[in-house]
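Student: Here is what each chain is made of, one letter per residue.
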Amino acid sequence: MNQWLTLLQKETLEMWRNFKWIWVPITFILLGVKEPLTAYYMPQILDAVGGLPEGAVIQIPTPSAAEVLISGLGQYTTLGVLIIVLTTMGIIAAERKSGVAAMILVKPVSFQSFITAKWAGSALLMWVSFFIGYLATWYYTGLLFEWVPFDQFLQTFFFYGLWLTVILTITVFCSASLASPGMAGFISLAAAIVISLVSSTLSNWLEWSPAQLTTYGNEVLINQGISDQTLPAGILAVICIIILLSLSVFIFRKKELAA
Amino acid sequence: MDQLANYMPILAPILIIQLILLIVAIIDLVRIERTNGPKWLWALIILFINIIGPILYFVIGRRSN
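First to last, the protein sequences are chains A and B. UniProt numbering puts the first sequence at residues 1 to 259. UniProt numbering puts the second sequence at residues 1 to 65.
It is possible that part of the hints are untrue.
Claimed, not checked - Which residues of chain B face chain A? A partial, calculated answer using Cβ under 10 Å: (1) Tyr7; (2) Met8; (3) Ile10; (4) Leu11; (5) Pro13; (6) Ile14; (7) Leu21; (8) Ile51.
Derived from the structure by calculation, the hints contain no laboratory data. All figures in this text were calculated on a predicted structure; none of them were measured in a lab. Glycine is no exception: its CB is placed at the ideal position from the N, C-alpha and C atoms.
The shape of chain A in the complex, shown without the other chains:
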């Protein structure tokens, strides 16, 4: 445990050194806050851009606070996912390439703690950034539209966070099992897109899919309460995370021993 904490500390220190702790939260804030701002200022933006014929009247219905928050969250499941994958795709593959992994593993460090510490470090970064970003989005939505209850905010934060963690774990798994960071990033992005596309098109059958957690989060926001399917989807997400992590330890050990 002690050793694991040291490894985790090394991870967070490294993320300080390459400024991940600064730019990832800032990016998440900007991504999310953009939505309430553009939704609120749309009439002024149209005015300023101009080009409308004299006397043209455009009626834009003011979106509700929940709709604005949902579109903000939509940013996290698209561009946010892209950022998460791009920042984590190299954590194992790049270290193996540059030889840092070998340097650490000659010391009595178990493969298990090496991988899980890396995973925990990037998961911590993701949860903190997502929380800060979503909190900013929630605050701005409250300021410009209406205040969404804080417990709904926390519930949706947790649901979305769980789904993002699944994607993060897929990326860690790809990073552990593939040689190049680029390939790992590409495959995990493709996997994330396919999973969310399939589960949204076949949503009647795949109610337990972890990707549906985002839909259940949205339902909470529009006051439909927590769906019955949330628990199975959440449990499946946790199981996926555990299986993927142990698989990545297994594959990584095999590859390292072979090399």
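Here the structure of chain A is known, so what remains is to put chain B in place on it, guided by the hints.
Tutor: Chain B only, in chain A's frame:
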């Protein structure tokens, strides 16, 4: 201009955050030894492409080790 002053309390935090991102990217660019691609090009990208520029630099411009 009048209108702009009205929006300022709401927009200022965003602008400040954006500025922090830009400054951090520039500081890192100055201190780093080598980047992927020419350094001066990254300086231009960070300075002139809003928001996306610094993020792009951090994601693909930095060469670790």
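Student: Grab the minimum C-beta distance from B:Pro13 to chain A and call the hint holds if it beats 10 Å, violated otherwise.
Tutor: 8 Å, holds
Student: Would you settle whether the hint for B:Tyr7 is holds or violated, based on the nearest Cβ-Cβ distance to chain A being less than 10 Å?
Tutor: 8 Å, holds
Student: Per the CB criterion, is B:Ile14 less than 10 Å away from chain A?
Tutor: Holds, about 6 Å.
Student: The hint names B:Leu11 as touching chain A; please verify it with the least Cβ-Cβ distance against 10 Å.
Tutor: 8 Å, holds
Student: Hold the hint about B:Ile10 up to the distance rule: shortest CB distance to chain A must be less than 10 Å.
Tutor: B:Ile10 check passes; min Cβ-Cβ to chain A is 7 Å, inside 10 Å.
Student: Once the shortest beta carbon distance from B:Met8 to chain A is found, is it less than 10 Å?
Tutor: 13 Å, violated
Student: Does the nearest C-beta of chain A fall within a distance shorter than 10 Å of the C-beta of B:Leu21?
Tutor: B:Leu21 check passes; min Cβ-Cβ to chain A is 5 Å, inside 10 Å.
Student: Mind checking the CB of B:Ile51 against every CB in chain A and telling me if the closest is under 10 Å?
Tutor: Because about 6 Å separates B:Ile51 from the closest Cβ in chain A, which is inside the 10 Å limit, the hint holds.
Against the hints set out earlier in the document, a violation occurs for number 2 only.
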